[in-house]
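Number of protein chains: 2
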Amino acid sequence: MNRPTNALSAPDAAKTSAVPRVVIVGCGFGGLEAARVLSKAPVEIVVIDRTNHHLFQPLLYQVATAGLSAPAIAGPIRHILRGEIARGNLTVLMGEVMSIDSATNCVVLDGGEHVLYDHLIVASGATHSYFGRDEWAKYAPGLKTLGDAFTIRRRVLTAFEQAEREMDPSKREPWLTFAVVGAGPTGVEMAGTLAEIAQTTLRAEFRRIDSRRARIILLEGAPRVLGAFPEDLSQRAKEQLEGLGAEVLLGAKVTNITAFGIHYDTTEPDAHGVSQTHSHFLPSRTVVWAAGVAASPLGRSLAKSTGCALDRAGRVIVEPNLTVPNHPNIYVVGDLASAKSHLDPKNPTVVPGVSPGAKQMGRKAAKNIMRQLRGLDAKAFRYLDYGSLATIGKRAAIAVVDVPFTAIKFKFSGFPAWLFWLFVHVYFLIGFRNRMVVFMDWAWAYFTSQRHARVFPDPHALEPNAVIVHIDPPSPPPSA
Amino acid sequence: MNRPTNALSAPDAAKTSAVPRVVIVGCGFGGLEAARVLSKAPVEIVVIDRTNHHLFQPLLYQVATAGLSAPAIAGPIRHILRGEIARGNLTVLMGEVMSIDSATNCVVLDGGEHVLYDHLIVASGATHSYFGRDEWAKYAPGLKTLGDAFTIRRRVLTAFEQAEREMDPSKREPWLTFAVVGAGPTGVEMAGTLAEIAQTTLRAEFRRIDSRRARIILLEGAPRVLGAFPEDLSQRAKEQLEGLGAEVLLGAKVTNITAFGIHYDTTEPDAHGVSQTHSHFLPSRTVVWAAGVAASPLGRSLAKSTGCALDRAGRVIVEPNLTVPNHPNIYVVGDLASAKSHLDPKNPTVVPGVSPGAKQMGRKAAKNIMRQLRGLDAKAFRYLDYGSLATIGKRAAIAVVDVPFTAIKFKFSGFPAWLFWLFVHVYFLIGFRNRMVVFMDWAWAYFTSQRHARVFPDPHALEPNAVIVHIDPPSPPPSA
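If you read the sequences in order, they're chains S and V.
Converting from the first sequence to my numbering requires adding 1089 to each position, the first position being numbered 1.
Converting from the second sequence to my numbering requires adding 1089 to each position, the first position being numbered 1.
Among the hints, a few may not be true.
Partial selection, computed: residues in chain V whose CB lies under 8 Å from chain S [stated by the list, open to error]:
1) 1146
2) 1187
3) 1201
4) 1294
5) 1296
6) 1300
7) 1469
8) 1534
9) 1538
10) 1543
By construction, these hints were calculated from the structure, which means they are not laboratory data.
The beta-carbon is built from N, C-alpha and C at its ideal position, and this holds for glycine as well.
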């Protein structure tokens, strides 16, 4: 192996030089699970992440909507893995991996350092995609990182404050109109929780505006919300959303987003039954993007280096055993992988982009590396699907519970589904303390309808241009 | 009164037109107290703040050092004042006051709106001052706002991460050197807590570095720390700081701060007893500024409009009754006021810039306005000094307790002072829930030595240039 001279080596290189090194890129659900499983094996592990924390992403919308503070759902990676670090075979590095070079078996960090690997697990996840319209990003932030959550929290709370300040009713209206684009799980959670905030949390705290008159509008291009769920549950979810006070616009294709609102098209049959496209403009000062997901750019780097194929979303099409074709020492897991489950080897099924999928892939990659080290073949991945859950708001959710290896399926919605969702999410949160904090925060919120994290730093301190772009747009609003 | 046509008026202007309006600028300790007292009077109140929250500033260093999350010490102003808002005579506006015009009795907001007042209370506080060296701000953030606290938290935690990544020991050293400039209460708290983090919190979580070898250096130009305290307590504080693992450099005058560290001078007598100035360079990648305080820029606006005098720190020199000279309807309270206490009318004393001072001034301004409305004279301010407290770290603090109207004084330090400090701070925190959260967070931290808020968003998302400035300085480090 040709090791560049500026290679990062372990501090105790002499001691562990005979031990193979596994580098794990990304410490989300997939990467963390892989690190934990591998820590019991005779390997040296290097975990690299661009942030210092593991994020419990399913609850990120609660940080964005001021229900939870960031530390309640995020823990420092090196604190979570402190036992493994103390055992002496795991190193955590905060840094961004810029590229992967499979010829020299190394990953290159943002500072130019080369980190060599014997085995590599790439678990760098996904980011949001604006379908080539990146200029929408500044008007419609997505929700993937803690930074995104703080941006959305600030914008939502600032919009109500601006509405209270605004004396001109025609200018006040767009501040009280909140648009969420995309009715997947994140979009539905955001719309439901924003409706709750407007209807209940802020109800008695303004004098010039009535927060209950705020409009929360969920726009979806498809004909139903939560398209991954059975149709009857989609319908239940839509009814629950409307019950909370949100509006749902189906078949709405967004064509442009500006500082003033959303342009979208709908298609309806005219009097002669011929489809006609109608263009609309929704004035709104606060837009949340929950529509497109794109794989991490490391997929392209892997493709360039190994010649592997990517799917339309930029995900790496992996072998049944989760390796990159012709590179048995490179694994891709989680949202960056386009993987199939081989529970029934004759009929492989697509693995959904959810946290249990990432976790199971991370575990399988770790186990396969352990097999390879013992001279055995890597085995095919089998995804155990326990079902799907989506929450909508207080006492509102839908659930499908699958019993693996059987055809048994339970479907339920409303309060029982919400209780089940609550239990599952609090249970899976990393760390005892966080679990307790989240549970207490929710118990408090449930009984008081308050949201304790309704604070945000002075935006000028953090994002010098954001508020200016947002509040004082450079040109007059276009007509509808 | 000449009211501009674009004046903001209350939504129920017709109903309350006969009621005098009190505008309160700034909702720190002084402004909040004034609003609460005045809400029982027959006035209409408008509270204006540039942020959406009241901040319990004495605990801000805990947010900066990852011990507390922001919502534990900050609450939305309109939530704190919801009772008063519901009663119908108080409006909260989030906005920045750009200027005060005493001729037309109005304040002008950042959006250009004019808010008219009959009585005005200016409580906009202070910010940090770099003694004319504003270019130091990007290398040495101060600690006044939540945004500042997040910046410091990120830099401190990032420095340890960078040290773990850095393979070159000579480059690693400056990442493990933390300098705090200024040994007032904030500087002492920061240095003590940073020492605790290095010695205990992070101890077992790195592999290439030993966090206990990090240096925490407190630089102070004066000959002792906490100069406002009696000399023996200063000495005790210095010993406690050193016991926690921090170094204290007294008589060190900072001459320059760059991305690489701090230049400072010391003066010592040479062999002939003649004072000699020595120049030093301390390589450090993380500097916290706790040295200078400057009054809010609204002081200058008031001086321009009313002709009032400012002191050297830019504070408004107020009358004994806290009004601006010749403007009996304009009050200045808190850190923006240069006020004297008239407990003994023949021997007025300076009011210190601490939260009890701000609170008592806010209360007095409110009561004086209520007196003026009844046709009575505004009374002189009398500051009741209950003593001073400064915390240094876990089980380390100093305290002076004064018994007002007597000469009785208690001085103590160490664990008893720390327990007393804890009790006072938890007791005075706004809101029952926050109090409980802070108390639990501290109990947890006390027994586990952990700090739960050790997370920060990806800096690229919030502060596009900060990390680049901080990690990759443009020029090679100057020699010492």
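Query raised in the report: With a cut-off of 8 Å, does the beta carbon of residue 1294(V) approach a beta carbon of chain S closely enough for the hint to hold?
Result: holds, 4 Å
Query - Restraint outcome when residue 1146(V) is required to lie within 8 Å of chain S by C-beta distance - result: Not OK, violated: residue 1146(V) not within 8 Å of chain S, min 13 Å.
Query raised in the report: Can residue 1187(V) be said to touch chain S, with a Cβ gap under 8 Å?
Result: violated, 13 Å
**Report entry** Agreement of hint residue 1296(V) with chain S interface, Cβ distance less than 8 Å
**Finding:** Status holds, d = 5 Å.
Query raised in the report: With 8 Å as the cut and Cβ atoms as the points, is residue 1534(V) at the interface with chain S?
Result: Residue 1534(V) check fails; min Cβ-Cβ to chain S is 11 Å, beyond 8 Å.
Requested in this report: Answer holds if the nearest beta-carbon of chain S is closer than 8 Å to that of residue 1300(V); otherwise answer violated.
Outcome: Violated - the Cβ of residue 1300(V) stays beyond 8 Å from chain S, reaching only about 11 Å at its closest.
**Report entry** Status of the residue 1201(V) interface restraint (C-beta, 8 Å, chain S)
**Finding:** Constraint on residue 1201(V) not satisfied, violated at 10 Å.
Query raised in the report: Hint check: is the beta carbon of residue 1538(V) less than 8 Å from a beta carbon of chain S?
Result: Violated. Min distance 12 Å.
Report task. With chain S as the partner, please determine if residue 1543(V) meets the hint condition of a C-beta pair closer than 8 Å. Result -> holds, 4 Å
Query - Closest C-beta approach of residue 1469(V) to chain S relative to 8 Å, hint status - result: violated, 35 Å
In this structure, the hints that do not hold are numbers 1, 2, 3, 6, 7, 8, 9, in rising order.
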